[in-house]
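If you read the sequences in order, they're chains V and U. Throughout the first sequence, residue numbering follows my numbering, covering 1 to 114 in sequence. Throughout the second sequence, residue numbering follows my numbering, covering 1001 to 1115 in sequence.
Note that these hints are calculated values from the structure, not bench results. Cβ atoms here follow ideal geometry from the backbone N, Cα and C, with glycine treated the same way. Accuracy of the hints is not assured; some may be wrong.
[What the hints assert, rightly or not] Simulated restraints, written as ranges between beta carbons of each label pair:
| no. | chain 1 | residue 1 | chain 2 | residue 2 | range |
| --- | --- | --- | --- | --- | --- |
| 1 | V | D54 | U | G1096 | 21 to 31 Å |
| 2 | V | E66 | U | V1115 | 24 to 34 Å |
| 3 | V | S80 | U | T1070 | 39 to 49 Å |
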Amino acid sequence: AQSVAQPEDQVNVAEGNPLTVKCTYSVSGNPYLFWYVQYPNRGLQFLLKYITGDNLVKGSYGFEAEFNKSQTSFHLKKPSALVSDSALYFCAVRQGGATNKLIFGTGTLLAVQP
Amino acid sequence: NAGVTQTPKFQVLKTGQSMTLQCAQDMNHEYMSWYRQDPGMGLRLIHYSVGAGITDQGEVPNGYNVSRSTTEDFPLRLLSAAPSQTSVYFCASSYGYRVMSYGYTFGSGTRLTVV
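Chain U extracted, bound-state conformation (with noise of 0.2 Å):
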């Protein structure tokens, strides 16, 4: 099915752990990015890629980094997890970074805690 897949949906990490959460499309999008999502906050930006080998910070980006190695996967690290991380993220892609016609395409979140 072609889409957004992310994984895991849900976790439970002790302060200081480090985890990757993955995000993979089959759409042959070239933007994606991370967003989480607090309740009276809506959803911030973490940080986001244009292409292969392109990635910038959003409005969030403190404590995670990320890397685009292909067109597919966007994966999103978690350097140090503290409480204030827990939260859930959604990564969403969209086709072409430079004409908004499409909108985004989310998947499914991971619901991450921190304890």
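Looking at chain V on its own, in the form it has when it is part of the complex (with noise of 0.2 Å):
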């Protein structure tokens, strides 16, 4: 069955210095990935995704994100964090077969601290 995890209930990052926020996932098959911010009392908003092609994905607000299928990880990354990007991250997998059915992970709240 497909499943995703994300192993941190929350990250801490100073303004200003790099942010990871970390997922691993089990699918079979090749998976379909998306990373999703939720802002305090708000839904999720869609950041980024991987269908297939380059490993390294760009997204919104300048996040990004590395598919590393040797490790089934799709970590979240953003080079230089800010205080803003503090919400709660979600990531998914999709769920095989015909449908759209997605998989989310627990969350991992980032908080930055100016």
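Need the complex rebuilt from these two chains, each delivered in its own frame; the hints are there to steer you.
This is how it looks when you write it as structure tokens:
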């Protein structure tokens, strides 16, 4: 069965420092992977996706993610964190079959200190 | 404004009451789904639909019903509310049910408290 894991409940980083939010996945076949961000009292917003092609995927707000097939990981990264990046981040993987079902991780709270 | 609209934003129910959470999208998306979000558990799929007249169960369907009479609307019904259904509910939609290319568009959520 497809699954996704976010091993860190919270990540703390100082403003201006690089950030990484970790995600590992388990799928049969080729993975479709996604990152979403949720700001307080808001719905989830799409950040980026990996379907095929380059392992480094660029998305919104300066975020990027690196797909690593051998390590079954899809870590979210940003070279220089902003206080406004503080939010809840979800990794998701598409479940196989002829549907659009996404399986979400438990989320990682990113806290960027000024 | 194009997007997914959820109503109400907040609701308090007494145990045993029933209610319907509304979800509407104006993007002609074929795929629609309902998730609940609970602390430490991420988002869990309740029900989903791949088109008008077609619905199916997700991970946690018990206590909830759905229908899809039109492409635009996908209401979620709580049959007899229980405190365990206290949660934040999100509706999400996407274009095309065979090819995952565009990700989901989420509504802003309904915060439900059952007392």
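So, against the hints stated earlier in the document, which numbers end up violated here? 2
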